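Undergrad: Residue strings, one per chain:
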Amino acid sequence: MGLSTLRLAVVRLRHQWPLAAAQGLGLLAAVTLAVTVPLVQSIASEAGLHSVVERLGSKGFVTIEQFNVASPEQYNGFQRDAAKRVRAQLGDQLTPTARYAEGPRQPAYMLNGAHWTIDDGPQPDIATWEQLESHVALVAGSPAPDSIAADGTYNFTVSADAARDYTWKAGDVVCFNQPPSPNFRMDWCGRLTGTWAPRDAHDPYWSGTVPGHSLMLGRTSYFALIAYLSRQRSAGSTASQAWAPALGHLRAPQIAAFANQVNQLRGVFAVQRDGLFSTGIDTGVKDFRDRYDVASFTIQMVAAALLAIALYSVAFVAGHFLSAQAPTLAVLRGRGWSRRRVWSLLLIQFGLLAIAAIPLGLAAAWLLSRWLGNLVFGGATPNLDASDLLAQAPFGLLLAAALAAILGGLALLASRRSVLAVRRGRSRQAERPWWQWRNLDLVGAVVAVPMLAEVQLQGSGAVRAASADSSGDALNVVLPALALALLAVAALRLLPLAGWGVRHLSRGLPGALATWQLERQPVQHARLAVLMSFAVAVGLFSSIYAATDRANSADRAAYRSGADVRVLLTGFNTTPPDIEGAVDGLSGVAGSSMAFRGEGSPGRSNLNATVLAIDPGTFRQVAWSRRDLAAEPIDQLEQKLVDQDPDGVRLAGEPAQISMWVWSSGLGGELGVDLTDATGLPCVCSFGSLNFTGERVLTAPVSFTSPPRYPLRLRGFRVHTTNDGPHDGALAVGDLRGLARDGTSTVIESFEARDGWWQESQGPISDTFDLIPDLTHPLAGKPTATLPAHLFRGTLVFRPAPSQQALPALVSSQTLQALGVGLGQAFPMHVDTVVVFVLAVGVVDYFPTLYPGRDNFLILPRDSLLERLGHEHYSLAWPNEAWLKFKSDPAPAVKQLRGTGDLVDLEARGSLLADALGDPLRKALQSTLTIGFAAALAMAVVGFGLHFLVAARERHADYAILRANGMPAQLVQRSLGAEQAVLLLYSIIVGAALALLLAWAILPSVQVSPDLEDLVPPTQVHIDPLAAGLVLAAVLVVAFAAGQLASRLGGRFHLLDELRLLG
Amino acid sequence: MIVDCEGLVHIYKTAELEVVALQGLDLQLQEGETIAIAGRSGSGKTTLMNILAGAEPPTAGRARVAGHDLARMPEPARERYRRLVVGYVWQHSHVNLWPELTALENVQVPMLSGGVPGREHPGRARRLLEAMGIGAQARRRPARLLGGENQRLALAVALANRPALLLADEPTAELDSSTARSLLADLANLLQETKTSAIMVTHDRQLERFVDRVIQIRDGRTSLETRWRETDAGLAADELVILDRAGRLQLPRALVEKLGLGERVRVHVEDDHLRIYRA
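Protein chains in written order, with this note's numbering: chain S, 2 to 1064; chain X, 14 to 292.
Just so you know, these hints were derived from the structure itself, not from any lab. None of the values given here were measured: they were computed from a predicted structure. We put the CB at the ideal spot given by N, CA and C, even for glycine. Keep in mind that a hint or two might mislead.
[Stated by the list, open to error] Covered stretches of chain X, going by a simulated chain S footprint (3 or more residues, C-beta under 8 Å): (1) 102-112; (2) 115-122; (3) 131-145.
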């Protein structure tokens, strides 16, 4: 039988199948990893796109409208042309949903022959919707025939909701457009033939909104009516065509082109044809694209590092594969085989392995990514098809080129070794490894440090550049992997310490034997040590990333919401929102703090700043905070707002009660005094009902929820309405005193003279008056302050005059810098037309809900600011935000709050966190890391086993001599075990150090989004000890088991055969 | 002349040491001639074989084999030389053979690069195996062959490309006497038939009977040569001290010790010979 080089290669592979299998597995793992990562990324981008489009809701629909479409011909022409244009531009990326025409509103004036009007709610309009019957269910009556009755009555249907609102029923005849004069008749009557309800309100047919108050006519009737109405004046009929995004055909890679084409359609319909083109899909997907670009950089950076490890593993296994063949290759060279021929033989071997590994790797990647897609992204994942795999072709070619370069290079080196080189290499003393030539490794380590620093910088730089230019990314993407490799190589300097370690850890003959092996050839395990260190580093980094991501996502959700739940409310015009009422009815509230959020402009600068006025006493109990938000703890800074607040009246001593002389006209109200303690904790201490006529001395016990810190500050009085008396009358106050526990009293305010006290009604009709003492209701012949009490206008408050001193403010460092103002400096701030002087008493870099980089902001004491604003007649001077802390699941409360009429915005920490953790791009990065760790672990374990299999085989001669001298076989095994244990220990130490270094360098700059909400507050690295321990245990246990198995297999030999070979 | 070495010097480095393995060795071999090289360990035998095998060039001196100047041969030519001019049998038979291949395939391995058309390989390999007496084992792998058969196979592999010179390092070291004799007899016949020259390194005295000359190497130089001549009583060994081309004479150590010769001797020229005396 003839022998060929191909057959020789096949036979050799079969002969050394463990090595060949290991090599094949290495290739398989590399291909699988290399293809899975981009496939998962592709799935993530598709899932992300789906998620974005779904979240767009009605904004995701494309609606094209053409005005003044008054005839069926015009209507048909528009529909035909619009559909053709959309199809030509966007193909099947959009699906048609509805075609319809809508006319003007038709005020009703007669019902069944009797005068009847719609006084409350919208008047109906007229419309005709194609295929309405398919999307609605009749509730009553019958569909409207598309005809006009002999008496000129039109037939129409309405939604059941509209029928209920209008109190119509099937069969009713309604007339519209009462003629203003006999010469101007646009009146018409219609018969309601039936009512309907949408089969599915979320049906894309409705484009997000069911036309609830439209009179639905047949098309012919509609245009006949339009023609009738247009006799007097243009009826303003608008034809519309709606499209929904076809998720199955929208692909992330083409999304930029899609957005561009949508925009071109906008140009055609909205600009050239003067129609209306409304959609939010192009801007929505553009935002997604920006996030995708940023996330891609990070994912690619991690993938590059993982791929580098995979390639190294392949090289590592190939090294053993070739090393085991070295004697054979040397003999071939000795027999005159040319280098090229030997190289060809090796390339054929690698090629055969690749032919087996690449299809398997592709198949494994396909299955793995599908499985991961379903696992991570659930049903939202689009199905992968062959084009997805083909899309990875450039990446695959790059990988193939890298693998070819690595394997070809190693094969070339192996083919150059002669018999003499092989023989002398085995007997030669250990030489200095090449990577330590002229301390190359140490130089590399020194270079790696600035590389990691550069990675930190580039992380955020990449975000900034992402939208503009990503050309520099290729180098940045590989920097971490390169730095990691350089540091791992430099760490090999510590490897000789392993010998020292064995000597101390494992006593007796096995330890001595292992020590001897490690000291004789310290570099024999170097490549394995690097591989194992990489595996540990990847695993640990993955666990640190997961913990960091989880913790920072939670922090960012909390930062964005500020508390468990934050609601922003606004009143109707100048009516204060019933914020306390909204909160009072909620279940599970553990604490609440009301705040004011508005806009201000410091000085005459053009700078707009967000003004957040908080009540420090309650705020710190409910607001989220973190130590690194400012140079000083936020609590301490907030205390400065209390300490340096100049407003209110400081009460001397430690009053236990507040007493005041009060004259009441028998008001239906309750009088309370607003006090705060030295920490800002509030107390509304009640004097009780004012439903008495005449004068009384009322007392209010000072009772805080916890023992107060003195001195106390009196901020004012308020009268809440009660239902036990009239809400209009008068009130007189005098002789305000603080009563100590020992009975002594201190006058706080006599109200005998005018000294700036003022009153305000907080309600729809806001009014303010200064309190002017007079003798209308004298107290022992002395003047008292009489207040008109118009409680129907809202809560009545009266307060001492605001101080002339500036209000303390915490200012963001960015704002201070922009203003050119330093700490301790005061400046005026304009809130609307009111000027408030503020004094910068503290600097905060970050403050919950406020984003440096987007917002300039100041934090002020709430009560003092609102008092000053109210004093200067600012119409919205009341808290408009509630920060809530819950002791139980806030979901029911959130649902309840969403139904509040005054609600403007609601942020719930739990929902934000769930959204963040469910972000497909974030999941893609986690999946990449998980796949990477699994692959790295698999390759490391294969490498570890293979290495000790080869090592044990190569030592047969040594062990044979020892065995011949009486050493039991178990000692060989135990000595190998000692070597393995020390190597693993080394790998864990070095790998952990590398992981921590990498985490420190990369994690602060790892971003999956350019949005500030996903970046602020800055990343804090977190380590989950349990996860980290599990990773290390996994590496340790699996690798050691593989090593033991391999050394058992490799350590078996026939003693006499070996001795015979030794001569 | 198939081999012509003159003043061959070879120095190699091991760790920090420089070892002078050959110190001006002279060696000539006629076509079809078979010689054995003997000498103690470290005398330079293996170095000489490596040089003649084209594995490495000499440091100095002349080494020509079948017209190839081994001192000035580029690597491609050296590869061709190893492929076509010499066949080498390394000391341990397992080194020479591929355990995963059958005997027939083993012999074909060198042929793969030998410039012989592939279709001729099996036939040639089979003939070689038969000539070496192991034709019946052609389909067996080395592990299933006896020690002598493996060594025969190793020789067949070395002769696969019909080399002009066969180099064998201890070809009988792993064999018992009778197996060794049988193998050597078959080898001698084959070499004679193919007119192949051979140099064999050996410590085996019985091998000396199957070669034309036995050359002793000492301290990197040829020292004694034993030729066989026909006498009435059969073959008799004729031991000669070698006088190299520089006129150096290396006396056998036993003779030096027996005569008590020191570092200086007196040389008297007689009519047609020299006399050497203690100084």
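Undergrad: Against the structure, test the hints numbered earlier, and report the numbers of the ones violated in rising order.
TA: Violated hints: none; all satisfied.
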